[in-house]
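J.: The primary structure of each chain is shown beneath.
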Amino acid sequence: MNEDDVVAKPLRHPWRWISGVLVVGVLALFIYSLWSSPSVDHGIIVQYLFNPQILNGAVLTVVITVVSMLIATILAVILAVMKLSPNPLLKLVASAFIGFFRGTPLLLQIVFWGYLGIIYPTLTLGIPFTNIVFIHGQTSALVPSLAAGIIALALNEAAYSAEIVRAGILSVDGGQMEAASSLGMRGGYTLRRIILPQAMRVIIPPMGNEFISMLKNTALLEVVAVLELYTQATMISAQNLAQVELLVVAGFWYLVMTTVLSIPQRQLEKKYGRGFNVATARNRMFGFGKKKVSA
Amino acid sequence: MSQLMVDARSVRKSFGSNEVLKGISLSVEQGQVLVLLGPSGSGKSTFLRCINHLETINGGRIYVDGDLMGYRQAGDVLHEMKPAAIAAQRRHIGMVFQRFNLFPHLTAIENVIEAPIGVNKENAKDAKKRGMALLERVGLGDKFDHYPSQLSGGQQQRVAIARALAMEPKLMLFDEPTSALDPELVGEVLGVMRDLAKDGMTMIVVTHEMGFAREVADTVVFMDQGLVVEAGSPAEVLDNPQHERTKAFINSVL
Ligand SMILES: Nc1ncnc2c1ncn2[C@@H]1O[C@H](COP(=O)(O)OP(=O)(O)OP(=O)(O)O)[C@@H](O)[C@H]1O
Ligand SMILES: [Mg+2]
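As they're listed, the protein sequences go chains A and B. Per our numbering, the first sequence starts with residue 1, numbered consecutively. Per our numbering, the second sequence starts with residue 1001, numbered consecutively.
Please note: incorrect hints may appear among the correct ones.
[Stated by the list, open to error] Cβ-Cβ distance ranges computed for the label pairs, FRET-style: (1) A:Arg12 with B:Ser1040: 45 to 55 Å; (2) A:Val93 with B:Leu1254: 54 to 64 Å; (3) A:Ile263 with B:Ala1133: 37 to 47 Å; (4) B:Asp1145 with A:Pro14: 39 to 49 Å; (5) B:Asp1145 with A:Arg12: 40 to 50 Å; (6) B:Ala1133 with A:Leu89: 43 to 53 Å; (7) A:Asn87 with B:Ala1085: 53 to 63 Å; (8) B:Asp1142 with A:Val6: 48 to 58 Å; (9) B:Gly1211 with A:Val7: 18 to 28 Å; (10) B:Asn1018 with A:Val6: 20 to 30 Å; (11) B:Ala1084 with A:Asn56: 42 to 52 Å; (12) A:Ile127 with B:Gln1030: 55 to 65 Å; (13) B:Ser1040 with A:Pro105: 51 to 61 Å.
Rather than coming from a laboratory, the hints here were simulated on the basis of the structure. Note that this is a predicted model, so its numbers are computed, not measured. Here a beta-carbon is modelled for each residue, glycine too, at the ideal position from N, C-alpha and C.
Make a model of the complete structure from these sequences and hints.
T.: Written as structure tokens, this is what we have:
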């Protein structure tokens, strides 16, 4: 053996193993208790797992999540920039928006948008004090419950995401803005090409959380009768009275969706991590990943 | 007298009640190098930032190649320029920072071609070709696909110079370009700047590198507490300073 090579026995981590075994054990017991309960009919679970109504609901859940999240993210960037702008009016408007939508329950907001038709039976979009009208009609027709649900989720999420985006922008060194300006770049261009791509590193991990919260929050749209997964499950169980079984079916699909949807997060983190030696720093700090030891 | 590239007339600048520039007048002819000296806090960085209008000014005028920077004069009235017009003026003025300020998410070549493509709308192929030539010129042709985090300080600063040159500036501003570098890396950056001066670039350089000032500068300006104390050739200001403050400063740096 060359004495320049370091061949060391890796450090043992007994507590990692003990805690791992404990967690798996508790989980197994829980699943077993559910499975062996005489009041849970496994047949119904299996029967409804791939029921078309359930699958349709799951698809709609994904669609609502993605659309709401897209709208929320765009709004969040606008709100964050408004809050960071030197203009006091823009700042105030953004703060008020964020304060309002974070300060009231999401359920309340969903019901509000769902009942918009009761508050304003007709909607008119036009130029005030003139006869020019672009759109006019029944509120319930113009804003169906699906749209109301997406608006509610998106506006609420925008308020939370705005703070995440703002923190991301603030994390970028001030010298970057300066360098961009000195090269003749304008504000919008600098934000798009220089600041946001760097802010992404800080933005993506908490936004991944928000994405998963959003996916689960779609279940709240049951109160305005949007036919997403949870609504479908409750509609079925209202007829066959197999409440627990259908909750298990819905829960299974929620788990599948949250798991699958967190895969793109890793890709995004990799994309926006380029140029920053994050992986190396993390490996050093926590001792994960392969270690290469050379003399 | 040849054309004035920079003509600063009684420039005043305050931050709140703190007057940092108290009437700075100086000029740089085309193709000349001016080295700006002064103790910490004397306003050197602030003055450089006023030249490309990264800071607004409270008094005086700054002309770059005959253009009034940041304002439009109509009779006796000054109008603040729109951001687009200010950005257009800055395209002709390169700036190099003490802390490099490279874009960390872009490789060396991407740093160099970002503004030519995005701002000047140059086509990508031409920009890349010019960019590679510029990286060769600063001695980093083989490092074109490295990220800033993979380069030494001296290499990063040379990429930053190439990035500024890619906009084909008429004037280059350097704010202590070597003071964040390890001593053994200072030479490579000064070497690039020396070549640039030789090729006829008009430059204003804030630096404490006396050797560079002596060799490259056409004019040395010493400022203190927001005022120009003394200006002249390197021999006059560095070897035969007339003012006590200049003497004290030069002795402290040597
Ligand atoms: N953005 C700002 N807001 C308030 N005060 C500022 C700002 N920038 C600079 N100053 C003040 O202006 C004065 C001059 O600063 P400046 O950075 O121009 O000095 P300098 O000559 O470049 O010094 P150094 O050699 O340390 O870089 C300092 O007193 C500083 O505190
Ligand atoms: Mg300075």
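J.: Check the following: the C-beta atoms of B:Asn1018 and A:Val6 are separated by a distance inside 20 to 30 Å.
T.: violated, 57 Å
J.: Looking only at beta-carbon atoms, does the pair A:Ile127, B:Gln1030 fall within the given range of 55 to 65 Å?
T.: holds, 56 Å
J.: Take a look at whether the Cβ-Cβ distance between B:Asp1145 and A:Pro14 falls inside 39 to 49 Å.
T.: holds, 45 Å
J.: Confirm or reject the claim that B:Asp1145 and A:Arg12 have a C-beta distance inside 40 to 50 Å.
T.: holds, 41 Å
J.: Honestly, do B:Gly1211 and A:Val7 meet the 18 to 28 Å range at C-beta?
T.: Violated - the Cβ-Cβ distance for B:Gly1211 and A:Val7, about 51 Å, lies outside 18 to 28 Å.
J.: At the C-beta level, are B:Asp1142 and A:Val6 separated by a distance inside 48 to 58 Å?
T.: Roughly 32 Å apart at Cβ, these two residues miss the hinted range, so it is violated.
J.: Looking only at beta-carbon atoms, does the pair B:Ala1133, A:Leu89 fall within the given range of 43 to 53 Å?
T.: holds, 48 Å
J.: 51 to 61 Å was suggested as the range; check whether the CB atoms of B:Ser1040 and A:Pro105 agree with it.
T.: holds, 55 Å
J.: For the hint 45 to 55 Å, verify it against the beta carbon of A:Arg12 and that of B:Ser1040.
T.: Given a distance of about 53 Å, which is inside 45 to 55 Å, the answer is holds.
J.: Measuring from beta carbon to beta carbon, are A:Ile263 and B:Ala1133 in 37 to 47 Å?
T.: holds, 42 Å
J.: Is it true that A:Val93 and B:Leu1254 lie within 54 to 64 Å of each other by Cβ?
T.: holds, 57 Å
J.: Hint says 42 to 52 Å; check whether the CB-CB distance for B:Ala1084 and A:Asn56 agrees.
T.: holds, 51 Å
Hints 7, 8, 9, 10 from the earlier list are contradicted by this structure; the remaining hints agree with it.
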